[in-house]
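Trainee: Heads up: the protein sequence lines correspond to chains V and C, in order.
Numbered by this note's numbering, the letters in the first sequence go through residues 76 to 221 in order.
Numbered by this note's numbering, the letters in the second sequence go through residues 6 to 341 in order.
Where hints are given, some of them may not hold.
[Said to hold, decoys possible] No farther apart than 25 Å at their CA atoms in a straight line, the calculated lysine to aspartate or glutamate pairs in the DMTMM-like style are these:
#	chain 1	residue 1	chain 2	residue 2
1	C	Lys311	V	Glu217
2	C	Lys108	V	Glu173
3	V	Lys133	C	Glu13
4	C	Lys224	V	Glu173
5	C	Lys254	V	Glu197
6	V	Lys207	C	Glu155
7	V	Lys133	C	Glu84
8	C	Lys301	V	Asp170
9	C	Lys30	C	Asp8
10	C	Lys144	C	Glu13
11	V	Lys201	C	Glu36
12	V	Lys83	C	Glu212
13	C	Lys311	V	Asp170
14	V	Lys194	C	Glu338
15	C	Lys261	V	Glu217
16	C	Lys179	C	Glu212
17	C	Lys301	V	Glu173
18	V	Lys133	C	Asp251
19	C	Lys308	V	Glu173
20	V	Lys133	C	Asp324
21	C	Lys315	V	Glu218
22	C	Lys167	C	Asp8
23	C	Lys209	V	Glu217
24	V	Lys133	C	Asp8
25	C	Lys301	V	Asp204
[Stated by the list, open to error] Anything over 10 Å on all C-beta distances counts as not near chain V; from chain C, calculated:
#	residue
26	Tyr9
27	Glu15
28	Gly27
29	Lys135
30	Pro141
31	Val168
32	Arg170
33	Arg219
34	Cys243
35	Tyr244
36	Ala276
37	Arg313
38	Thr333
39	Asp335
Calculated directly from the structure, the hints in this document are not laboratory data.
We put the CB at the ideal spot given by N, CA and C, even for glycine.
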Amino acid sequence: MTESSEQKWEPRIIGFLCNWCSYTGADLAGVSRIQYPANIRIIKVMCSGRVNPQFVLKAFQEGADGVLVSGCHPGDCHYIEGNYHARRKLTLLKDLLEFMGVDSSRFQMSWVSASEGQKFAEVVSKFTDQIKQLGPQVKLSEEGLE
Amino acid sequence: MTDYPALENEIRKHAREWLESGAVKYVVGYERGAYSTIARPGIFYKPEDVERLIWDPTCVNNLTKILVEEIQYKPKRGEEPDLRPVGIVVKPCDSKTIIELIKENIVPRERVKIIGAISLGSINPDKLEKAVQSIPAGKLKNLKIVQEGEDFVVKYDGGELKVPRDGVLNDKCKVCKNHNPVIHDVFIGTKVEHHEQDDYDDLKEIEAMSEDERYQYWKEQLSRCVRCYACRDTCPLCYCVECVFDKTKPFNWNEKTVDLPENFFYHMVRAMHLAGRCIDCGECERACPMDIPIRKLNRILLKQAKERFKIYPGMNIEDDVMFGSYDTDDPGEGIW
């Protein structure tokens with residue numbers, strides 16, 4: 076089976092969205108027919124605080140080109156403080172990715188509320204463009220493998 | 006009082022007292038072992054055993070791991086566990102580990118009696134071996150190392166050799182500004198004054214590199230990792246009964262294959278698990294058979310924890326655990 080020469084590389088982006096704000100916001104974008112790139116694969120978590128840094132690293136290891144974690148705005152978490160914990164953990168993760176030279180801009184956090192359908196679409200578009208510029212992610216997934 | 010023989014006597018005195026009165030189950034300290042360049046951990050059960058206890062710059066090990074094993078010990082059926090406190094001799098860095106263990110409710114404060122001694126720097130055994138190359142091995146048996154001024158003097162059978170400080174000091178001691186034990190039941194020595202903060206110069210070289218150069222550096226370093234898990238096994242703060250790297254259900258977070266992506270995953274996850282907890286005792290790097298600069302990974306997160314969240318691990322039992330607490334004003338620049 077030959078691959079079509081027309082087939083271009085499309086980034087694969089994993090998005091961890093919190094149920095109460097970001098996922099609902101994404102849903103609103105859909106219902107409102109706001110177009111955004113289809114490269115993002117969404118994983119719903121109940122709260123952004125559920126996102127373990129290992130999830131992000133595992134996604135990269137399995138070949139994700141970008142990872143987005145989106146939660147409620149600070150102060151608006153459905154579980155009061157989950158997004159604060161997420162902010163602490165994931166900011167340090169980003170520092171670590173930077174220190175290891177592993178394209179820390181491939182990992183992005185955002186705060187998207189349930190009414191911000193438009194913002195969600197903008198966040199995804201912006202992030203997808205950014206990842207398209209960076210190209211496929213190999214440093215954590217394929218590098219060193221023969 | 007800052008000279009090693011005097012400190013040693015003081016430590017022995019207290020250890021002997023505790024053992025005689027039965028106040029402790031046993032005392033964990035250091036003794037002379039097979040290698041003259043590094044002290045061997047020793048357990049002293051009876052007052053007369055304390056004759057073997059030593060205190061000198063070759064006392065490098067972090068002994069606090071034994072506290073974790075002591076607390077996590079499951080007595081056999083019908084066995085009455087001895088719940089007397091454990092006596093332990095600690096350097097300032099080790100005392101910070103004890104604070105972390107107490108903070109995280111792993112070791113109850115009343116189960117440990119701490120002899121905290123000041124430290125003027127410990128010696129890297131490999132560097133010391135190179136420095137004493139010229140002395141025939143037989144003469145090094147009854148080695149005594151003392152500090153004279155800034156430098157060390159190695160006293161062996163039939164002579165002594167002056168060893169300049171910078172040549173043999175442990176890397177971690179070069180950046181440590183914390184020469185007094187932060188927790189103790191007994192304070193050995195005269196308090197050492199110091200003022201400067203650790204400014205993480207050892208990380209500046211890497212931070213100055215471009216992204217690709219940094220990646221090449223870590224690719225080179227982590228390609229050597231054989232995943233022996235010595236770093237994890239020796240770390241006192243890696244006390245999880247089931248470690249994430251041993252879990253196979255529901256799936257392997259970290260496959261046992263030794264390749265670059267798995268090595269990156271292992272080291273990055275371990276650094277994240279130690280963020281805000283690691284106090285840079287350096288045992289991981291010392292244990293590594295492949296000389297991987299593991300301390301750098303832990304130190305970058307230590308630095309960021311201090312800068313971003315004002316978290317200082319190992320200083321105060323009353324402090325918050327970093328990932329268990331938050332501040333509504335935590336910096337979040339870069340979040341869209």
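Trainee: Each hint: holds or not?
Mentor: Results of checking the hints against the structure:
1. Lys311(C) - Glu217(V): Violated - the C-alpha atoms of Glu217(V) and Lys311(C) are around 34 Å apart, more than 25 Å.
2. Lys108(C) - Glu173(V): violated, 30 Å
3. Lys133(V) - Glu13(C): The hint is violated at about 49 Å.
4. Lys224(C) - Glu173(V): holds, 14 Å
5. Lys254(C) - Glu197(V): Outside the cut-off at roughly 38 Å; violated.
6. Lys207(V) - Glu155(C): Violated. Lys207(V) to Glu155(C) sits at ~56 Å, over the 25 Å cutoff.
7. Lys133(V) - Glu84(C): Violated, at about 44 Å.
8. Lys301(C) - Asp170(V): holds, 13 Å
9. Lys30(C) - Asp8(C): Given that 25 Å is the threshold and the Cα spacing comes to 29 Å, the pair is violated.
10. Lys144(C) - Glu13(C): holds, 23 Å
11. Lys201(V) - Glu36(C): violated, 62 Å
12. Lys83(V) - Glu212(C): Roughly 35 Å separates the two Cα atoms, so the pair is violated.
13. Lys311(C) - Asp170(V): holds, 13 Å
14. Lys194(V) - Glu338(C): holds, 18 Å
15. Lys261(C) - Glu217(V): holds, 16 Å
16. Lys179(C) - Glu212(C): Between Lys179(C) and Glu212(C) the Cα gap is close to 19 Å, so the pair holds against 25 Å.
17. Lys301(C) - Glu173(V): With Cα atoms ~13 Å apart, Lys301(C) and Glu173(V) stay inside 25 Å; holds.
18. Lys133(V) - Asp251(C): Judged against 25 Å, a Cα distance of about 16 Å means the pair holds.
19. Lys308(C) - Glu173(V): Between Lys308(C) and Glu173(V) the Cα gap is close to 14 Å, so the pair holds against 25 Å.
20. Lys133(V) - Asp324(C): violated, 32 Å
21. Lys315(C) - Glu218(V): violated, 36 Å
22. Lys167(C) - Asp8(C): holds, 16 Å
23. Lys209(C) - Glu217(V): Measuring from Cα to Cα gives roughly 28 Å; hence the hint is violated.
24. Lys133(V) - Asp8(C): Not OK: Lys133(V) and Asp8(C) at ~51 Å, beyond 25 Å, violated.
25. Lys301(C) - Asp204(V): violated, 33 Å
26. Tyr9: holds, 38 Å
27. Glu15: holds, 41 Å
28. Gly27: holds, 45 Å
29. Lys135: holds, 31 Å
30. Pro141: The claim holds: Pro141(C) sits with its nearest Cβ about 45 Å from chain V, beyond 10 Å.
31. Val168: holds, 34 Å
32. Arg170: Given that every Cβ of chain V is farther than 10 Å from that of Arg170(C), nearest at about 30 Å, it holds.
33. Arg219: Incorrect as stated: the minimum Cβ-Cβ distance to chain V is 3 Å, not above 10 Å.
34. Cys243: holds, 15 Å
35. Tyr244: holds, 19 Å
36. Ala276: violated, 6 Å
37. Arg313: Incorrect as stated: the minimum Cβ-Cβ distance to chain V is 7 Å, not above 10 Å.
38. Thr333: Violated, because the least Cβ-Cβ distance between Thr333(C) and chain V comes to about 7 Å, which does not exceed 10 Å.
39. Asp335: violated, 6 Å
Comparing the model with each earlier hint shows violations of hints 1, 2, 3, 5, 6, 7, 9, 11, 12, 20, 21, 23, 24, 25, 33, 36, 37, 38, 39; every other hint is respected.
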